Amino acid sequence: MDTQLKKGFLEYCVLASVMHKDSYGYQIIKDVHDYIEISESTLYPILKRLESQKFVVTYSVEHNGRLRKYYRITESGSQYLRNFLTSWQQIENIYLYVKGEIQNDKK
Amino acid sequence: MTKNEYIHILKEQLKNESYETVCQVLDYYEEMIDDLCEDGLSEEEAIQRLDDISEVVLNIKQEEPVYEMKKMKTSSQIGTWILMIVTFPLWGTLLATLLAILLCLYVVIWCIPLMTGAIGLSGMACFIVGVFGTFSLMSTSLSLGLMQLGIGALAGSVGLLGILLTKLSYAKIKDYSLKMTCFLKKYSLTFCRKVGVVC
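In order, the protein sequences belong to chains A and B. Be aware that the first sequence starts at 0, since it is given in numbering that gives the first Met the number 0, and climbs by one per residue. Be aware that the second sequence starts at 0, since it is given in numbering that gives the first Met the number 0, and climbs by one per residue.
Keep in mind the hints are simulated off the structure, nothing from the lab. Accuracy of the hints is not assured; some may be wrong.
Unchecked claim - In silico lysine-lysine, DSSO-like type, Cα no more than 30 angstroms apart, as pairs: (1) A:LYS6 - A:LYS68; (2) A:LYS29 - B:LYS185; (3) B:LYS2 - A:LYS29; (4) A:LYS68 - B:LYS185; (5) A:LYS5 - B:LYS184; (6) B:LYS14 - A:LYS6; (7) B:LYS185 - A:LYS53; (8) A:LYS20 - B:LYS14; (9) B:LYS178 - A:LYS29; (10) B:LYS184 - A:LYS29; (11) B:LYS185 - B:LYS2; (12) B:LYS10 - A:LYS29.
Unchecked claim - A short, non-exhaustive set of chain B residues, derived as facing chain A with CB atoms under 7 angstroms: (13) TYR27; (14) MET31; (15) ASP34; (16) LEU177; (17) LYS178.
Nothing here was measured: the structure is a model prediction, and the numbers come from that model. Where a beta carbon is used, it is the ideal one built from N, C-alpha and C, also for glycine.
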């Protein structure tokens, strides 16, 4: 998949993984990995970006004598995720347009 | 490569980044390695699973840091040190008080299992002495022997209760102590990093 496109999708996937339950870095990777390729080093900037855009907030929890950082989705984060679903029709139209143009070019 | 080596090299590679960025990145990777190890991997396997340090650094540099803090200039760093030394009588005493309070807190909470433990041990000791000593006492006076047996049994039950309470309170207090140490470590490190004493 194209890097730029993947970057956008990764943001949505990460947000979706914290939609119903607060999660932490390693768990997010495990949850998202089945759907899109993600590594520890790609997740970090995504989490930072989501945090700076206030789509997620963080807090630390003590776990086995160390602190683990949890991510919680905000209202604007949920809204951003919902907007993605509503804009899907537009994405589909773009896909059909590109597909049509390619098929026309073949003829 | 061990976790400490990985973190150390990563820290070296990030020396041009802001304090905040370095701290956040190091915390993130430390947590990631710990989680991988907890998932059954050895430290070396966990590090092999992670991307190369060069790629990690590249990914960080491509992104805009969230809370960009300008790197301290040498002159302002010297200023900070002078200010810290001059104001030491003020913050030094406050820090010492805070540390003393925290130490007291630790001592107080650990007194609970210590106390219940002492009750448990003394109760059990009374029970053993009471029960075994009762036979020799019974030969001289039956009523006295029976009374000692009863008191010994009572002490034994109090001892058992003490042991049970120690077991329960020990787990809880150990948990509280760990939590307190973790938060103390986190906030003191954050404070030191903000001041610029450590990175």
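Do the hints match the structure? See the list:
With a C-alpha separation of about 22 angstroms, the suggested pairing of LYS6 of chain A with LYS68 of chain A holds against the 30 angstroms cut-off. For the given pair, LYS29 of chain A sits about 26 angstroms from LYS185 of chain B by alpha-carbon distance, which is consistent with the 30 angstroms threshold. For the suggested pair LYS2 of chain B and LYS29 of chain A, the alpha carbons sit about 21 angstroms apart, so the restraint of at most 30 angstroms is met. Only pairs whose Cα atoms come within 30 angstroms are accepted, and LYS68 of chain A paired with LYS185 of chain B is accepted, the gap being roughly 12 angstroms.
Distance restraint check for LYS5 of chain A and LYS184 of chain B: the Cα-Cα separation of roughly 38 angstroms exceeds the 30 angstroms cut-off, and the hinted pair is therefore not satisfied. Between the alpha carbons of LYS14 of chain B and LYS6 of chain A the distance comes to roughly 27 angstroms, so the proposed pair stays at or under 30 angstroms and holds. A distance of roughly 23 angstroms separates the Cα atoms of LYS185 of chain B and LYS53 of chain A; the hinted pair therefore holds under the 30 angstroms criterion. A threshold of 30 angstroms between alpha carbons decides the hint, and for LYS20 of chain A with LYS14 of chain B the separation of about 35 angstroms lies outside it, so the pair is violated.
Proximity of LYS178 of chain B to LYS29 of chain A is assessed by CA-CA distance (about 27 angstroms); at most 30 angstroms being required, the pair is judged to hold. Straight-line distance between C-alpha atoms of LYS184 of chain B and LYS29 of chain A comes to about 29 angstroms, which keeps the hinted pair within the 30 angstroms bound. The hinted pair formed by LYS185 of chain B and LYS2 of chain B meets the criterion: a straight-line CA distance of about 19 angstroms does not exceed 30 angstroms. The straight-line distance between the Cα atoms of LYS10 of chain B and LYS29 of chain A is roughly 26 angstroms, inside the 30 angstroms bound, and the hint therefore holds.
Hint on TYR27 of chain B holds. Least Cβ distance to chain A is approximately 6 angstroms, under the 7 angstroms limit. Residue-level restraint check for MET31 of chain B holds (minimum Cβ-Cβ distance to chain A is 5 angstroms; threshold 7 angstroms). The beta carbon of ASP34 of chain B is positioned within 7 angstroms of a beta carbon in chain A (closest approach about 4 angstroms), and the interface hint is therefore held. This hint holds: LEU177 of chain B has a C-beta 5 angstroms from the nearest C-beta of chain A, less than the 7 angstroms allowed.
Taking 7 angstroms as the C-beta contact cut-off toward chain A, the hint placing LYS178 of chain B at the interface holds, the least distance being around 5 angstroms.
Hint compliance for this structure: hints 5, 8 are broken, all remaining hints hold.
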